[in-house]
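Mind docking chain Z on chain W? Use the hints.
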Amino acid sequence: MSEPSTETLSVIVEREIPHPPEKIWRALTQPHLVEEWLMKNDFKPVMNHRFNLRADWGTVDCQVLAIEPNKTLSYTWGALGLESVVTWTLTPTRTGTHLRMQQSGFRPDQKQAYQGAKYGWQQFFANLEQVLARID
Amino acid sequence: MPNAHDVLFRTLADPTRRALFERLCRDGEQTVGALTAQSGVSQPAVSKHLGVLRQAGLVRDRHEGRQTHYSAQLGALAPLIDWTSQMAGFWQSRFDHLEDLLKRMDQ
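The listed protein sequences derive, respectively, from chains W and Z.
FYI, the numbering used here numbers position 46 of the first sequence as 46, with every residue one higher than the one before it.
FYI, the numbering used here numbers position 47 of the second sequence as 47, with every residue one higher than the one before it.
Everything labelled a hint here was simulated from the structure, so no lab data went into it.
Everything numeric in this text was worked out from a predicted model, so none of it was measured.
No residue lacks a Cβ here, since even glycine has one placed at the ideal position from N, Cα and C.
Where hints are given, some of them may not hold.
[Claimed, not checked] Which residues of chain Z face chain W? A partial, calculated answer using Cβ under 7 Å:
id, residue
1, L8
2, W83
3, T84
4, M87
5, G89
6, W91
7, R94
8, F95
9, H97
10, L101
11, L102
[Stated by the list, open to error] Far from chain Z, some chain W residues (derived; all Cβ distances over 12 Å):
id, residue
12, K44
13, N48
14, H49
Excised from the complex, chain W in its bound form (with noise of 0.2 Å):
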């Protein structure tokens, strides 16, 4: 086995968005609206509240972390064997609003992301094995 790590790694995803901070915020919050640029879900802006993402190939389970009304939201997000935190952040600028998206999660090596992924892999050898007669 190779040394456990405490690294992270991080997915940052930023954009100036041409709207207001409360509009923006609307559209992350108001679960008939973020179903209809991310997911299906059970969104409630509370903190602590556990809710799904909802999509066809399967489910993300979420919990309220943080929650700053037009400013920041956080919340879990365990899929595919993946457990990160998602954090949205809302910066006013003169046109409208710096939207920032951090996904951060745990490098693969770390025993809680296998114990996940655990059961993803045996349907992952599955897949490859028909993949590659396929590509043969």
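Showing chain Z alone in chain W's frame:
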């Protein structure tokens, strides 16, 4: 230099080799003899498969007396489960949808 994914996929595509690797993941370090006893193939064949797994970085060997012990190196799978590039694409497209929605909310 071959793509890390290609090497891992090619190495794990062989069912016998994959079974050896899965067994080491499940049961921890094993000698060649113990692996052979359960594999249904000859010891030279097992040794050859272990050599391919070692070259791909998927197993490590340790010599002790006349025995060679093999253990799985789970870190070698990291390129296959680096989720960041997949999620970056996912979020970029979600941002596009979000911007479309914000335009519609004006109307």
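Right, here's what the structure says about each hint:
1. Taken as an interface hint, L8 (chain Z) does not check out: its beta carbon lies about 10 Å from the nearest beta carbon of chain W, beyond 7 Å.
2. Interface hint at W83 (chain Z): satisfied, since its Cβ lies 5 Å from the closest Cβ of chain W, which is below the 7 Å cut-off.
3. A cut of 7 Å between beta carbons decides the hint on T84 (chain Z): the least distance to chain W is about 5 Å, and the hint holds.
4. Hint status for M87 (chain Z): holds, given a least beta-carbon distance of 5 Å to chain W, under 7 Å.
5. A least Cβ separation of about 9 Å between G89 (chain Z) and chain W goes past the 7 Å threshold, and the interface hint is therefore violated.
6. Contact between W91 (chain Z) and chain W, as hinted, is supported at the beta carbon level, the nearest pair being about 4 Å apart and thus within 7 Å.
7. Below 7 Å, beta-carbon pairs count as interface contacts, and R94 (chain Z) has one with chain W at about 6 Å; its hint therefore holds.
8. Against a cut-off of 7 Å between C-beta atoms, the interface hint on F95 (chain Z) holds, since the closest Cβ of chain W lies about 6 Å away.
9. Annotation: interface hint on H97 (chain Z) holds; nearest CB of chain W at approximately 4 Å, less than 7 Å.
10. Using the Cβ-Cβ criterion of 7 Å, the hint placing L101 (chain Z) at the interface with chain W is satisfied: the shortest such distance is roughly 5 Å.
11. Interface hint status for L102 (chain Z): upheld, as the beta-carbon distance to the closest one in chain W is roughly 5 Å, under 7 Å.
12. No beta-carbon of chain Z comes within 12 Å of the beta-carbon of K44 (chain W); the shortest separation is about 19 Å.
13. No beta-carbon of chain Z is positioned within 12 Å of the beta-carbon of N48 (chain W); the least distance is around 24 Å.
14. Consistency note on H49 (chain W): stated as away from chain Z, and its beta-carbon is indeed over 12 Å from all of that chain's, at 21 Å minimum.
Hints 1 and 5 from the earlier list are contradicted by this structure; the remaining hints agree with it.
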